[in-house]
Amino acid sequence: MRLIINGEEKRLDGEAWTVEKALQAEKIANLDMVSVQWNQAFLDRAAWPMTDLKDGDELDFLFFMGGGSR
Amino acid sequence: MSGFTTRSVHGERRGPEAHGSLRFPLYDSAAFEADSAKDHELTFANRLPKHSYTRLTNPTIEDYERRVQWASGATGVLSTASGMAAIADACLALVSQGSNIVTSKRLFSHTISLFKDTFGRFGVETRWVDMLDPAQVAAAIDADTRLVFLEVLTNPQLEVADIQAIAKIAGAKGVPVVLDNTMATPYLFDAKAHGVAVEVVSATKFLSGGASVMGGLILDHGTFDWKKAPNLELLAAKVGPAALIARLRRDTHRNLGTCLSPHNAWQLTLGLETLALRADRSCANALAVARHLEGLPKVVKVHYPGLPSSPFFALSRRQFPRGAGAVLTFDLPGKAEAFRVLDAFRVVRRATNLNDNKSLAIHAASTIFADLTPEERAANGIGEGLIRLSVGIEDPEDLFEDLDQALEKA
Numbered sequence: 006m007r008l009i010i011n012g013e014e015k016r017l018d019g020e021a022w023t024v025e026k027a028l029q030a031e032k033i034a035n036l037d038m039v040s041v042q043w044n045q046a047f048l049d050r051a052a053w054p055m056t057d058l059k060d061g062d063e064l065d066f067l068f069f070m071g072g073g074s075r
Numbered sequence: 112m113s114g115f116t117t118r119s120v121h122g123e124r125r126g127p128e129a130h131g132s133l134r135f136p137l138y139d140s141a142a143f144e145a146d147s148a149k150d151h152e153l154t155f156a157n158r159l160p161k162h163s164y165t166r167l168t169n170p171t172i173e174d175y176e177r178r179v180q181w182a183s184g185a186t187g188v189l190s191t192a193s194g195m196a197a198i199a200d201a202c203l204a205l206v207s208q209g210s211n212i213v214t215s216k217r218l219f220s221h222t223i224s225l226f227k228d229t230f231g232r233f234g235v236e237t238r239w240v241d242m243l244d245p246a247q248v249a250a251a252i253d254a255d256t257r258l259v260f261l262e263v264l265t266n267p268q269l270e271v272a273d274i275q276a277i278a279k280i281a282g283a284k285g286v287p288v289v290l291d292n293t294m295a296t297p298y299l300f301d302a303k304a305h306g307v308a309v310e311v312v313s314a315t316k317f318l319s320g321g322a323s324v325m326g327g328l329i330l331d332h333g334t335f336d337w338k339k340a341p342n343l344e345l346l347a348a349k350v351g352p353a354a355l356i357a358r359l360r361r362d363t364h365r366n367l368g369t370c371l372s373p374h375n376a377w378q379l380t381l382g383l384e385t386l387a388l389r390a391d392r393s394c395a396n397a398l399a400v401a402r403h404l405e406g407l408p409k410v411v412k413v414h415y416p417g418l419p420s421s422p423f424f425a426l427s428r429r430q431f432p433r434g435a436g437a438v439l440t441f442d443l444p445g446k447a448e449a450f451r452v453l454d455a456f457r458v459v460r461r462a463t464n465l466n467d468n469k470s471l472a473i474h475a476a477s478t479i480f481a482d483l484t485p486e487e488r489a490a491n492g493i494g495e496g497l498i499r500l501s502v503g504i505e506d507p508e509d510l511f512e513d514l515d516q517a518l519e520k521a
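From first to last, the protein sequence lines stand for chains R and V. Taken in order, the first sequence gives residues 6 to 75; the numbers are from our numbering. Taken in order, the second sequence gives residues 112 to 521; the numbers are from our numbering.
Honestly, the hints are just simulated from the structure, not real lab data. Accuracy of the hints is not assured; some may be wrong.
To be verified - Below, a list of computed lysine-lysine pairs in the DSS-like style, where the Cα atoms sit at most 30 angstroms apart:
#: 1; chain 1: R; residue 1: K32; chain 2: V; residue 2: K161
#: 2; chain 1: V; residue 1: K161; chain 2: R; residue 2: K26
#: 3; chain 1: R; residue 1: K15; chain 2: V; residue 2: K339
#: 4; chain 1: R; residue 1: K15; chain 2: V; residue 2: K149
#: 5; chain 1: V; residue 1: K216; chain 2: V; residue 2: K339
#: 6; chain 1: V; residue 1: K216; chain 2: R; residue 2: K59
Said to hold, decoys possible - Partial list, derived from the structure: chain V residues whose beta carbon lies under 10 angstroms from chain R:
#: 7; residue: E152
#: 8; residue: L153
#: 9; residue: A156
#: 10; residue: R158
#: 11; residue: P160
#: 12; residue: R166
#: 13; residue: T168
#: 14; residue: R177
#: 15; residue: L189
#: 16; residue: A192
#: 17; residue: A347
#: 18; residue: G351
#: 19; residue: A353
#: 20; residue: A354
C-beta: ideal position from N, C-alpha, C; glycine also.
The whole structure should be built from the sequences, with the hints applied where relevant.
As structure tokens, this is what we get:
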């Protein structure tokens, strides 16, 4: 599957990818601090495991540091 | 790990420090090198959790902010150079030209000046109401109101508003409450449980403890949906609950340069660890001193919300179950008597700070409220004989003795 992650095109093997799995595959540290944008809109963390990705989706992982983005 | 002090002392335990240091190190460095140009690009775009420049973020400051977040249960925390910087940053993140702030007639004099003079020059209106009458808050809010601002305990009147009632009124109208919690701190007053959206604190006071450093805090409690805030609506659609912190970090706070110094963050982290102990002791001392003063003939009136004689006693017990703060005031017949008492103190120090380890006293009318006319002072409940006493952690018997001998000179 082809995704745009943090502005860069990436290929993930297979089809069954959720946002949560993509976060794990990208080895995103500080998961409690990250804000996720899915196709340029905010995605609540409760929705990460159940949001299926499709070819061409955009994902942005944003950090506001400190105590900043729970 | 659920207690305030345990959380303050230990933080989140995010793995061992490189050298096993029990204290998070002080990174007294302005800039941080990136591993690659690509990493630098991602860091500046907030896409990589790394540090680049201390005005934006710094490891020691981050550790302090996360420690405050962990102890307080806030959704997001940002530190600032002072308490006034916290107020200015938080409010500027929410207002714009043509909008208004609904606030209390009873505010710290520099906050009054910030709203009236500084914000006023940029076309932000301030509407002054009596927070003891929540109906006035409801009446003052309109479509251009961006926030309701009040202090947890007014200084020096020590009035206590029903914060939950005000937060409910503001929330129903889609307006966040910004609370200055300097007098109580997150330890003595649970702002989140009372519906407050944003808490600002002068960390210089109780958090620092020894009055050694300046600092401020902004805590976002996650109780307000930022999609309802006209100036944050678009940002909230992109970053959700982090909208206010994102606005501060990528705009208001970053651009104004109101950052905390790493050295101060390190000191304040140390202060946070003993905040509860010092606050408990100061509150107990304040109540004991207030009771003692009530029995002295030369004292006209004692104001402390923890006293049964206070009109705010019942509300204070509900809102501040751990103690009604460390500040009290008392009235003497006039300015001359107040000056004689202040000059006679041997333990209590003449200084303008509050919630210090040391007991501090000040004549409010001639110092922190000197800019007001006598009529304005009278309207604000600041008599010419009023002394504000911030009670420290000394042995109470020494404070009683000092007050007794000083009041003999009144």
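Exercise. Determine which of the earlier numbered hints do not hold for this structure and return their numbers in increasing order.
Key: Per hint list: 3, 6, 12 and 16 violated.
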